[in-house]
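Residue numbers (numbering that gives the first Met the number 0), protein chains in the order written: chain A, 0 to 328; chain B, 0 to 327.
Treat each hint with caution, since some may be false.
Said to hold, decoys possible - Below 20 angstroms or equal to it, Euclidean Cα-Cα: the simulated SDA-like pairs (lysine to any residue) are:
(1) Lys46/A x Ser301/B
(2) Lys127/A x Asp159/B
(3) Lys127/A x His164/B
(4) Lys92/B x Asp100/A
(5) Lys259/A x Leu321/A
(6) Lys46/A x Trp302/B
Read the hints as simulated data drawn from the structure, not as lab findings.
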Amino acid sequence: MRTLLLCAAALGLAACDAGTDGDAGAAPDDRTTIAVIPKGTSHEFWKSVHAGAMKAAADLGVGIIWKGPVQENDRVGQVKEVENFISRGVDGICLAPLDADALRKPAEEAVARSIPVVVFDSALNSEKHVSFVATDNRKGGALAGEHLASLLGGKGKVILLRYMQGSASTMNREDGFMDAIGKHPGIQVVSSDQYAGATAPEALAVSENLLTAFKSADGGLSVDGIFCPNESSAVGMLGALRGAGLAGKVKFVGFDISDKLQDALTVGHLHGTVLQDPVGMGYQAVKAMADHLAGKPVEKRIDTGATLVTPENMKDKAVERLLNPEKVE
Amino acid sequence: MTAGGRPWAAWLNRLGPLFALILVLLLFAVLVRVVLGENRFATPGNIETILRQTIIVGMAALGMTLIIVSGGIDLSAGSVVALAGVVLAALMKFAGWGPLSAALAGVAAGAACGLVNGLLVTQLRVVPFIITLGTLLVFRGTALGIADNRTITPGASWLDHLTTHPTGDRAWMLIPPGVWILLFFSLLVAGFMKLTVTGRHTFAVGANEKAARLSGVPIAWVRVIVYTLGGVFAGLAGVLQYTRLSQGDPTGATGMELQVIAAVVIGGGSLSGGEGSVLGTLVGALIMSSIANGCSILGIESWVQMIVTGVVIIVAVAVDRLRHRRTE
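Bound-form chain A, shown alone (with noise of 0.2 angstroms):
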């Protein structure tokens, strides 16, 4: 029993020193203290909103708890996340579900508990929430498709490639895309039924037969402009292209943005792509609940930006402050 006091002692003074030193330790009590929840912790782009979220937290001196599952699948994980930050009592929550379905129930519970929430990034299939903070992909998609357009002088065939059937975001691109293309009667879609799947290699396969379909005799292609709506499908769509020797002979848009997609645009094999703004919807996002929770009139739906980038603008500050966004280390 003794040994076990020991232990157990020795488990709590480890358990306090990492509660003092971690950035994630708990905001004083007197102060305004917002829980933000990201997808998951170790992608890039979660760092870049968890600065806009310090920022906006600066700002408007509130406190903000960054908590969240470390993988972006952990459905479970998450909303357990949300659960513990009812229990534990927090003024309000910023939660970016990982599914439209599975954290409804653990965020309209919050709210019946009378915590607020804003959801950020992703869409939530509730009407209980604040405010809905994230990227318009409609609009995004329409700004890649007006691109595309006139790199191609109004007039050409393009393909299409999808991301993966559900997905609410690169729906909504794809979707803002056609519209765009379909305003330019010269322009004429002749595939858009191929999905890329969930990652790079599997977008590179389906690529590869895809443009296979297209060859002309000549080894050239008979497409002249091709769209793809997210990281991963531009990078496989952009392998095939390199593997065919047709990259930079078709004009290239994309969606989001990587250290390989910046190469491709640097060298001319990527003709442009859309860019979110992750610092700007962390930022939104606190600033949302902080103010609803200091009595002021919150928009339903807050538009964080979609930025066209191009060879051309790539130098330009404002777009390099969305390329090389800040990150939390």
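Chain A is fixed; fit chain B onto it per the hints.
Only chain B this time, still in chain A's reference frame:
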């Protein structure tokens, strides 16, 4: 059983994990009080949260207790949890089944998985670690195939309320119905282990297989029963997992078997068989969820939680061994 002539020592052994749980709860109650400046841990609402976060692992651990007592192991438990949830969701969404019949079918799918494990272990005479390592992949693959790699969301039903705080005309339940369901099945399994012939045979097979065979225990039969029951409880855990998310998730519960095994082991179950109890297992599961909840409330990061839980598993088992050596 190990203490022989000293019944109080046996009781102390049995209650060891319970003391550890009380220690963990006290520790976090004090820490949260000190760090946050007010009591936010030992509140009725938070105790309910801890219970709610225990029921899935706890349910699967009931079956795992039987398997471990019989000297076996089941690494496929997490996959079975996911498969049962997917079967339930698919039948509700695509075949138009009612919630109750779909839930029963989910449990039946779990039972079928357990039966397969039991038959393979007894007929192929390959150690259960390897058999269930294989079926871990088989059952996970089946779940992903049925769900077409996606989550299945059938829409609202009364199943969703099994793991939420009871309100309105269900307020008399006080805590989520899922907790009562777990308690009910716990009593059932404890009764099975103590009062039935097969239950006592389970201990005999795990403690000394040779002696059990010589005294006429139908070993293969006991094993098949035990693995099938393990599947039933993993299936029930799958139903509870479904009610937590209102969806069947084929990638859910990945690695849950390790938490389930840890619950049994922290609660005094021995991987060499012949030892383990329902009370110990439930306490083991509670210890783990209390640590996770307490760390979360204190704002301790996930990686620290993992390390703390890992240390607790090792310390719990080491202390258990130490006590055994003293009493033997």
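Taking the hints in turn, this is what the structure says about them:
1. Lys46/A x Ser301/B: holds (16 angstroms)
2. Lys127/A x Asp159/B: Holds, at about 18 angstroms.
3. Lys127/A x His164/B: Satisfied, since the Cα-Cα distance of roughly 18 angstroms is no more than 20 angstroms.
4. Lys92/B x Asp100/A: At roughly 14 angstroms apart (the allowed maximum being 20 angstroms), Asp100/A and Lys92/B satisfy the hint.
5. Lys259/A x Leu321/A: holds (16 angstroms)
6. Lys46/A x Trp302/B: holds (17 angstroms)
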